[in-house]
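Q: Protein chains in written order, with the UniProt record's numbering: chain A, 1 to 408; chain B, 1 to 321; chain C, 1 to 258; chain D, 1 to 288.
The set of hints was computed from the structure by calculation and includes no laboratory data. Among these hints, one or two may not hold up.
Stated by the list, open to error - Some but not every residue of chain A turned toward chain D, in silico, with C-beta under 8 Å:
id: 1; residue: Trp52
id: 2; residue: Thr202
id: 3; residue: Val207
id: 4; residue: Ala208
id: 5; residue: Leu209
id: 6; residue: Thr210
id: 7; residue: Gly212
id: 8; residue: Ser215
id: 9; residue: Ser218
id: 10; residue: Glu219
id: 11; residue: Glu222
id: 12; residue: Gln225
id: 13; residue: Glu249
id: 14; residue: Gly253
Ideal placement from N, C-alpha and C gives every residue a C-beta, glycine not left out.
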Amino acid sequence: MVNGDKQVDRRTFLQTTAVAGGAFSVAGCMGGGGSDTAVLGMLQPFTGEVAWVGESSEVAMNIAVDQINEAGGMNGTDIEIVTEDTETNQQTAISALRKLTDSDGASAILGPTSFTLPAVMDIAQESQVPIISPTAGTSVLDDRGGNYIFRTSASDSLGGKAMARIARDNGYEEIAVMYVDNQGGRSFGQTVIEGFEALGGTITTEVALTPGKSSYRSELTEAFQDEPEFVSLTAGTQTGQIILDQWDEQGLGGVWGLSNDMQTDSFAADVGAPLEDSYAIGPLPGGEKYDEFAAEYESRAGESPQPFTPEAYDAAMLAALAAEAAESNSGSDLAGEIPAVSKDGETVTSFQAGADALDNGTEIDYDGASGPVDITSQGNIRSSFAVFQSTGSEWEQVGEIAADSLDF
Amino acid sequence: MLEQLSFMTSVATVAGIYAVLALGLNIHWGETGLLNFGHVAFFAVGAYTTAILTIPSPTATQAYSFGFGLPVVVGIVGGCIAAGLVAVLLGIPTLQLDEEYLAIVSIGLAEILRHVMMNENWLTGGVAGLYGIDRPLRGVIPPEAYDFFYLGLVVLAVGLCYAYSRRLKQSPFGRVLRSIRDDEEASIALGKHTFRYRMQAFVVGGVMAGLAGALWAHYATALTPTAFGANITFLTWVGLIVGGSGNSKGAILGAGLIIAFREATRYLPDLYGLGDIIPTLRLILVGALVIVTIRYRPDGLLPERDISYAEYCKRVEYGGE
Amino acid sequence: MSDDGLLEVRDLNKYFGGVTAVDGFDMTVERNSITGLIGPNGAGKTTVFRTISGFHDPDGGKVVFDGEEITGKPVYEIVEAGITRTFQEARTFPEMTVFENLLVGKTGHRGEKLLPTTAGPKAYAEDERAAVEHADQLLGYMELAEKRDQRADRLAVGERKLLEIARALMTNPDLILLDEPMAGLPSDLTTDIVDYIERIREERDQTFLIVEHDMDTIMNICDSITVMEAGQTIASGTPEEVRNDERVVEAYLGEESA
Amino acid sequence: MAFDPQFLLNGVIVGSTIALAAIGLTLIFGILDFINFAHGEYLTLGAYAALVANVALGLPFVVAAVVAIPITVALALALDRVVFYPLRREGAGALSLLITSFGLSIILRNAVEMVWSSDPRRFDVGGAEAMAIAGVRITAVQIAIVVVSLVLMIAIHLLLTRTTLGVTMRATASNRSLALSSGVNTERIVTWTWVIGAGLTAIAGVLIGLNTVVRPSMGFGLLLVMFAAVILGGIGDPYGAMLGGLSIGIAQEVSVAFISASYKPAVAFTIMVVLLLWKPEGLRGADT
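So here's chain A without its partners, still in its complex pose:
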């Protein structure tokens, strides 16, 4: 390389860089967790294809935190949210988690998704800060959770079995399975296959998809080559919609069984008439509590709640209630209380009610926007699923699959 006259000499450059770096660090010391607030960290993707996850769950978490702060805060201390971007990348996620636990002194971490959760769970455990993920369905967590790792969303291994049941219960004997080839998609898709075969059905084709491609026509051709009448699809809304649009365009027929990511009314409306009679699974609607949450969400974000937002709201609530029960905002103290406040006690649906009950020495059972949210000692929730069918413009609940019927 040629040294032009524009060369900045080394000292100037180093000084500039050092000053800039120093300014950032100082700002960091001032900005992060002062002692007058408690910090809840949020670790989600905010850039790239799944940026919507971070953005929408931040809205949900803000709703929860505002309500908690209005009720006097967590153990009398106002909560501040610090968000960090995982960039859906293990390395960044670890650095970001370290910043939240070490630098910001977070009491608990909400997030991340299946992509990065398995990669950070040991580190959270070591740092003794609980992780409550509203978004990680991966079956890896089935027997790795508990202690410091919890989630408010159902495991893919349950979701997959529920999907298998829907297909079987509706009389389909041969189905095809498509899933995006990432942490979340594959564990869900694989359990659909295992579950459906366990129920005596046959899988005609299994197609693993790379997310983020522009054309899935060949994958569709492959999946529909034996003309299955039912195809299970596990994908995010973006990839899902491309696939369904191209399926419609190609006129391939059959009905779909869609994973919970796609069980939103905006998705059903966007795909529209072709989706009529297709199925989706989703969490059992949380009744009144959900409606209340949905209304608040809509007023803040200007759209109906995205998938996993009620779970994000509940995750924040659980963290705060656990802190109340532990009478401490330290992560290692409150972690142990997370399963305890979620089940077996007086049913509460708000932070205020829960905090009051705990002050009176009553055990509580938090029921939230996403359902009863009962956390097992393994950190999972054991929830029932709702079965939805599309009317061609929205999802309509047509049945329920009880948690007990998924033990096969």
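Chains B, C and D: place on chain A using the hints.
A: Using the frame of chain A, we list chains B, C and D on its own:
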């Protein structure tokens, strides 16, 4: 402040790992002129090899089929060797190509490798990855001091790679590498078997990247394919270019700066409250740093230094020490 | 042709795709001579040159050097046998100093192997000392000592030519192949180079083979000249003989009128 | 089971758009002598320019697509002036340009995401339904995509063979030792290279967006595939790039019938690596 120190320790550890990567890349590009854009491949091979060698054998629910439960030391050495072997395999087809071809083919090979990691569950655990990777001397070092211990280990690795790079640089071997970088045909004309040199340099740099991967595996304790995207190669390149290629000190400085810059920009939201656009803005800043450095400081902060006649005479006089 | 030629090229053939570049070419280079290989554009000189130095594999014929057949051997073996070439455009290593440029030329240096390098400088100290001394001596000989710490890309064109020849000498060759050494040089520098070549031949008992396009430039420096056209040898002998050869005149006239 | 020709058709559709974008990349590669990592972002910018014209301003799709071309070209030229030209003037090496282009790629991609978010968007064109023709399903839009791509490729052929500019460009691109050092009015050729390269790439972006969706990562996601096409065709060879783009598109789609679809992205690279081992000078071979 203690919390800050702890965070700084983890940033320094990551920076150290990148420094080892950058030192390896410096052997490739800085010394030999190999346009390697698939550096992450060696990193990944080092990481997965040590993971597979050290994790316990799988239980029924786990996707992978091999876990040997060997000591961490064996794993790290194994990771380096495997990375070296992969360098030989990748080198055979690619090192005979023109440099631009090498750049693109090496990206391609790294991508193929990433897809293998994602799909071959029996070996790598697939997208679910490998977890519970042991850390050296975990039971012996007190937990509160462990991060510092591990940082020490990484610093040691940086020191070793630096010392070795320096030894290469000052040796006649390094001189031949530089001659190949400057003008391969002229080097051939002087009777140098340049393919062999390119290959040896490729392996040495690859082994360093493998070491970085092994260190990463035992630091992160979990591996998933998402940790091995092309952005790692790119970040290493940026570090090397900013620091100064052809200069080992520059490689270390650059890697440190780029990681510090990446982590420091995390504090941006606290400063200005720009809200939603902050994460994208951070990445834009990293991009801008690259362009600005290349424009105003093309040889990096610490450019390559010539070895003078006097130094040669002196070295020969003291019997080479 | 005598049998004790240092280099003997016999019936050399080389094709590129369907095109014949060299077609049964013969030549001999006598020991301690300065031999010229000339011919009009496209005659195949460069191909012959590259084939002798090992940069091309011939499709037929043989090259014998010092009694040993080196046909089709890789460059590093040919250099080891004692033939080193230079380039028309003086290819030095631009980002290395003059002194380092010379050091690279040292052959058979233990320190250029990875294992001794790893073991440390002591393992190759002897060879390095020899290399430094050799380079030092050549620097003085070629009057480049003042420039030894200069990076090669900062040298003037003529100095670069000298450096390249000095670097070739570092390999201790018996035969040096010069590829148009005078190309692109102003006339005073040309004289300089010619002086150096003659001096080296006399003082260091060196043999040169010079490939040149322009006949006049090398008439007064060569002992013997081989002329080729269309891949074949059309004449060889002393400059005087060659200058008066009809076919040579024709070949060069043909080019001028073209 | 019999091989379904549908795979082949899908490959032709995908391949023809890749081919268009790859022509631009190979010309820039050949003439400016560096690997432009930001090339994919020009594709994205083209698609978003058309999207804004079509959806936000309500222009008919065809008009929007045409409007997108000058916008992308202007952007590419402006970026060249600000980012690449100063480096070229100082005689910076190919690597400086390459690394700079990678930095530029990050900036552009994230800027697009900042402005339009990462949500996928669609053009406002009528809903397409596939027709069954000779056992394969194809939509009217897809027929249009293939036709437009073909017409543009023919146009490029005429430009490269029938105009002085084109001939000079081709000569410069294919003989890289000549590139930019031979003293012809090089900056003018550079300008035209960007105009043609960015223009074609913008159209490719619009067509890809039309075939599927428009999103910030669409160009970057295709970058490596385009590289593979360029290498396959031989650097600097526009016809090679067309052939390479088509072959890779077809190979990728057809591969789904035989191997796991999650290996699909690796197919392009595998072909590229194998070809380089077998024939390092590219599909069409060297001219010498």
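Q: Run every hint past the structure and note whether it holds.
A: Verification of the hints:
The interface hint given for tryptophan 52 of chain A holds, since its Cβ lies 7 Å from the closest Cβ of chain D, which is under the 8 Å cut-off. For threonine 202 of chain A, the interface hint is violated, the least distance from its beta-carbon to any beta-carbon of chain D being 16 Å, above 8 Å. Residue-level restraint check for valine 207 of chain A holds (minimum Cβ-Cβ distance to chain D is 5 Å; threshold 8 Å). Hint status for alanine 208 of chain A: holds, given a least beta-carbon distance of 4 Å to chain D, under 8 Å.
With 8 Å as the threshold, the beta carbon of leucine 209 of chain A comes within range of chain D, its nearest partner Cβ sitting at about 6 Å, so the hint holds. Interface restraint check for threonine 210 of chain A: the shortest CB-CB distance to chain D comes to about 6 Å, inside 8 Å, so the restraint holds. The closest approach between the C-beta of glycine 212 of chain A and any C-beta of chain D is roughly 6 Å, which is under the 8 Å cut-off, so the hint is satisfied. Taking 8 Å as the C-beta cut-off, the interface hint given for serine 215 of chain A holds, the closest approach to chain D being about 5 Å.
With a least beta-carbon distance of about 4 Å to chain D, the hint placing serine 218 of chain A at the interface is held under the 8 Å criterion. Evaluation of the glutamate 219 of chain A hint against chain D yields a held restraint, the C-beta minimum of about 5 Å falling below 8 Å. Hint status for glutamate 222 of chain A relative to chain D: holds, with the closest Cβ pair at about 5 Å, below 8 Å. Interface hint status for glutamine 225 of chain A: upheld, as the beta-carbon distance to the closest one in chain D is roughly 7 Å, under 8 Å.
Hint status for glutamate 249 of chain A: holds, given a least beta-carbon distance of 5 Å to chain D, under 8 Å. The closest approach between the C-beta of glycine 253 of chain A and any C-beta of chain D is roughly 12 Å, which is over the 8 Å cut-off, so the hint fails.
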